[in-house]
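Here the protein sequences line up with chains A and B, keeping their order.
Under my numbering, the first residue of the first sequence carries the number 91, and numbering increases by one thereafter.
Under my numbering, the first residue of the second sequence carries the number 449, and numbering increases by one thereafter.
Worth flagging that the hints you see were computed from the coordinates, not collected in a lab.
C-beta atoms are modelled at their ideal positions from N, C-alpha and C, and glycine is treated no differently.
Keep in mind that a hint or two might mislead.
Quick list of the computed label-pair ranges, beta carbon to beta carbon [said to hold, decoys possible]:
#1 B/R552 - A/K321: 31 to 39 Å
#2 A/G108 - B/H575: 48 to 56 Å
#3 A/N199 - B/R721: 53 to 61 Å
#4 B/Y557 - A/E220: 33 to 41 Å
#5 A/S223 - B/G541: 39 to 47 Å
Each chain is listed here by its residues.
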Amino acid sequence: MTDQTIITARGVTRRFGGLVALDSVDLDVPHGIVQAIIGPNGSGKTTLLNALSGASHADAGSIRIDGKEIFRLRPHRIARLGLARTFQNIRVFSNLTVLENVKVAAACNSPMSMFSIMLSTTTQRQRETEIESAARQALEIVGLAGRADDRPTQLPYAQQRLLEIARALASKPSVLLLDEPAAGMNMTESMTLLDTIAKLKGKGITVLLVEHNVRLVMGISDRVAVLDFGKKIAEGAPSDVQRNPLVIEAYLGRRHRHA
Amino acid sequence: MTVKHWFPLALGAVVALLIPAVTHDNYVIQLLNIAILNAIVVLGLNFATGWVGQINFGQAAFYGLGAYTTGIATKAGLPWITTPFLSVVIVMGASLVLGLPTLRLRTYYLAMTTIGFGEIVRLIIVHWEPVTGGTSGLRAIPGINVFGIGPQGQIQHYYLLIVVLGLAASIAARIRQSSLGRAMIATKDSEIAAEQSGVDTTRTKLIAFTIGAVYAGLAGCLYASSIRFISPDSFSGTQAILLMTMLIVGGMGSIPGCIIGAVGLTILPEALRFLGQWYLVLYGLGVIAVIVLAPGGLASLASRLPRWAGAR
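Here chain B stands alone, though its shape is the one from the complex (with noise of 0.2 Å):
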């Protein structure tokens, strides 16, 4: 690790935590929640999506998987400790039901399951009512308790999911720097070297899918418990096309690119409030000006900086 590394990471956690000193609006600090949120389930998608090249739409499906299985488990009484055990138990198996017979083929097979996939879940959601609360979806969800200690307020959440992000983040980059995050890129550069290289490509797609999936599961879990209100628009078919913009503008297959882009994209919308009907005009030609100024993402226009400033 040298400076050039350390350097920005640092800075990010500094501005990070020193964010809820500056400003103490509880509807500042729920939508910083959700960015957070939004970005462990970018992080997530970027495993199949950006660094194995399979487009995937189902993220958002796994996110309201994760969500609503804490909802109704916790308000059926079973303890939150549970939570995030049986989300990532349900949000693994959908993934490996889809995953087995789809990703063994080359080309776009999976982002087709993927959309019937999440159209079939939000389906299940609007009306399954006596247990999912329908449209209307689940109030008052019980908040995060671990044997009687859980955060209180807004800040405190917040500080506990920047503390998850940060590890998100961190088995990302580790899985980048072993032989399977290598395994993930060869497979999407070309799928036939990695294969002669010794790579099992269609394991190493599985694995990566799978990933993501628990990572939106477990984001779909905090969010519930932390937000303590799900509904299906939350993870509708709109919410996996945001994830998957979120991802392209940050810059798929970068990290930071990954954080970056969730965290614009879910605050953005809110700035331009005011704007009325004209912010997704805006909202569009920015994302428009981001793909054709910058096809790697915001994280490359950051790392392109450095050799600007040393041209000079």
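Next comes chain A alone, as it looks inside the complex (with noise of 0.2 Å):
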């Protein structure tokens, strides 16, 4: 089974207090898809999406990420099996320069030492040029490589969202998690943010894309799942879960209707 699905999610439960914002959420997600989250606000993708890269653990339930169980690992450590994600609220490094804020992912994977720092070995110098230029190709990716000396805070928002899908892209990462990677991105910039994802999917790369925006998502998605009160109420392609009336309740309203 690990070999076709890169993901495989069972029970995931998160509950803060007494609300219980995940529950018992299954997921499995084909190698090399795109795979689309959505669901109302609050239906707890994000919190999904925090389980999944252990920003905000889950209480229960069990992870894999190509076989390998990550329940409570810690961030780092998920990322270091090649989990990368982006955030819905834009968390760049705002003290280095764009190019450094990749270079931060681009490191990812290689020890550093004390004293080969101190003493600039060659073999250190060689680590920095190959997380130099691991850095730039993820820059060229997402089409800021004219901007690599610049401070992200000098870039327009929508182009913070493109920093923050280079950084984690420079780890080589083999699933991509893009929290809203949309949101505050007028229509030219998500039809090249589509593009973008488009060419991630066409390197081999599993891209999980939580969305408010469902018709964004409908195009680029081979999966829809869709969350609704911490329950997956329902998956499948687009345009099946397009017709869907749960799915379509869900969204329009009636939600007293189980209660």
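Take the two lone chains, each set in its own frame, and fit them into one complex as the hints suggest.
Shown next as structure tokens:
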């Protein structure tokens, strides 16, 4: 099973006090696809993403990435296993340049020894060159190569989101989680974003996309999972999901039917 | 390295090397020696506080641990060459014991533990009189001596300390340009984004804190054996706050800023001595003025200068 599925989540549950933000969610994401997770506000999309990436651990369940159990691992360990992400509220490193932001993640899997840094050994300089070229490649993919030496805060909002994607890419992930990447983008910017996502899929990266804007994701996603009140209410091809009465209800209201 | 980078560096080096030619006043040179030692300690503080963003009030205590280790060891007859190693081992041990439990936690736990640690170190120094000399300190500490060779007189010490400061600053610059330095700043800017980019933030914080302690411990070792007299006052909680002020006034996160802040705030009280009691008022106003007018510290003013010039 681990041959085709890259993410296997079972019974993922997260409670905040009395509120059940995620209620025993199962998720299987096949290798190399674009999987969207949609749902109304407060349905648990970001909570699920945080549980997968380790940013805020689930209370119960099992999460496997490429067959390896990552439940309750610290986020940097999960990152080193090949899962990268972006944030809904932009979190760039404002005291580093654009290039350095990406270099942080490009150094993801290279151990750093104090002595080689102090003595600036050949291996150390070689590693720095590798990190630099990996970082520049990632900037190239999202189209930010020309802004390498700027501060991230000098970039417009949409480009800061692209910078986060470049940073995530630089760690050479097998899974990329994008948390509302189109938020705050205009139409042209969203289109560029979709192109970029298609490019990533072409590189064999599995993309897990959390989006509020349903129309945006339908075109690009191979599979869509729908969350409502912390439960997965539907999953399948975009066209099937769009016709699912439960989904239509979740989006159009009448949520108290089951109460 | 462009002209913009090396010119201020070369200028600073030339000025530093020429100072002893201008003044032979031993008092002035000794003051400068203390300023240089403080600069090394502030460079150390910059790792954990300027780059990683952890508030550390233990730096004066690490400074003191290095100084007292050296003073006690050399007065007991150990050769000087052992003292840098002894000082480093002791401050590393202390910083790991303090850092391991607290740096896993976010926010201000390090600030609280280091304040407590500083007080413990001060109390031990004051009360363990037979060994530390209590409040009157240790006098006539043997000087720097590497197999019979050592600096004689203030000016030779000055040149030695300038070289050590140069080394300390260049190691800091190398760390800043490495993945470790970027990880430190990333940890300060967004701990969660750093973690999700593969940075072990706990380890990064601990490394920064420990490197900083080693800087302070080595500076303490050199303090004891070049000033030859140490007392608890030089390493008190007041000193810890002063070191933090040097970092803030000079410019958090900036290597030249650390040096400017440390040298400036070491010399200023002496330069203002003619004012008598009023000196503290002026000193306080000066610090407030820098913080209000140049929140990035004096170093940020220097980097703004070319832009002003260019705009005209």
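Hint by hint, here is what the structure shows:
no., hint, verdict
1, B/R552 - A/K321: 31 to 39 Å, "holds (34 Å)"
2, A/G108 - B/H575: 48 to 56 Å, "holds (53 Å)"
3, A/N199 - B/R721: 53 to 61 Å, "holds (56 Å)"
4, B/Y557 - A/E220: 33 to 41 Å, "holds (36 Å)"
5, A/S223 - B/G541: 39 to 47 Å, "holds (40 Å)"
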